[in-house]
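> From first to last, the protein sequence lines are chains C and U.
Per the working numbering, the first sequence starts with residue 1, numbered consecutively.
Per the working numbering, the second sequence starts with residue 1, numbered consecutively.
Calculated directly from the structure, the hints in this document are not laboratory data.
Incorrect hints may have been included.
Cut-off 25 Å, straight-line C-alpha distance, at most; resulting in silico cross-link-like pairs (SDA-like, lysine to any residue) [claimed, not checked]:
1) C/LYS29 / C/ILE18
2) U/LYS27 / C/THR127
3) C/LYS70 / U/PHE59
4) C/LYS29 / C/ALA47
5) U/LYS27 / C/GLN64
6) U/LYS27 / C/ALA47
7) C/LYS29 / U/LEU46
8) C/LYS29 / U/VAL88
9) U/LYS27 / C/LYS29
10) C/LYS70 / U/VAL62
11) U/LYS27 / U/VAL88
12) C/LYS70 / U/MET1
Label pairs and their in silico Cβ distance ranges [said to hold, decoys possible]:
13) U/ALA32 / C/VAL58: 21 to 31 Å
14) C/ILE103 / U/HIS37: 22 to 32 Å
15) C/VAL96 / U/PRO90: 26 to 36 Å
16) U/GLY55 / C/LEU35: 31 to 41 Å
17) U/ARG35 / C/VAL112: 20 to 30 Å
18) U/VAL48 / C/ILE53: 21 to 31 Å
19) C/VAL32 / U/ARG34: 35 to 45 Å
20) U/ALA33 / C/LEU98: 41 to 51 Å
21) U/VAL48 / C/VAL46: 35 to 45 Å
22) C/VAL46 / U/PRO3: 35 to 45 Å
23) U/SER2 / C/LEU35: 35 to 45 Å
Ideal Cβ placement from N, Cα and C applies to all residues, glycine included.
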Amino acid sequence: MTGARFPARLVIGLAVAIALDTALQLVWKAGVADLPDASSLRELVVAVARHPIFILVVALMAAQLVNWLKVLDHADLSYAKPFTSLSYVTVCALSVVLLGEHIAPLQVVGIVVVVAGVWCVSQTGHTTLGGKAKPE
Amino acid sequence: MSPTALGVLLVVVSTMVEGFGQTFLKKSALDAARRHHWILLGVAVLIVEVLLYSGALRFLAVSTAFPITSLSFVMVTLLSRWLLGERVTPLRWAGVGLILIGTSLIVAQA
């Protein structure tokens, strides 16, 4: 995984991007579920601003942006972006493991198809812009 | 236009907007002299995307809206080719197509 096709820095960056995206989705979901019923948009905004979990959401978003910019320094956008689809898989898996949610057979098929798609993308070169991209 | 059609339109537009936001972030890696300019532009556009998607959720159930967001993988790939000049091979397109189908299957059952 650390050869010319998969530079270690890029592999780590993509793994961190998927991990942060997964954490963000799960924390956001937990925060939204914990919000009180709001009758207006203003009440909703105030409730979000007062809930400490949304500080964590903003921190995760900031970390995600910093990491994603580093990934894009070393890979095509059309190469890196498809890898983030693996967070659909990790969120689905963690929902089963952590939240005890049920997984439908069609979702298992979906996971296999997503992984196959990411494998196809991983078989293409990570940068096609020649000298424009930063060297590893 | 029915509320459902308006919701679908907003989600589709939000995926196009995300494509442009991601393209601007990638531009920051290619244009070092204006790196911060591109990052700010990209973040601003991605905030617009979140607002559009939030607006769409007023008209659509999440279980309907979320699968449509996987169109962003197609938008990003198209814009990477057209605006950034990346070479998108048939295998990369095949991967994006499989991801589009797979994510739809996962979230459609959620």
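> Output the indices of the hints that this structure fails to meet, ascending.
As far as the earlier hints go, 3, 6, 8, 9, 10, 12, 14, 16, 17, 21, 22 and 23 are violated by this structure, in ascending order.
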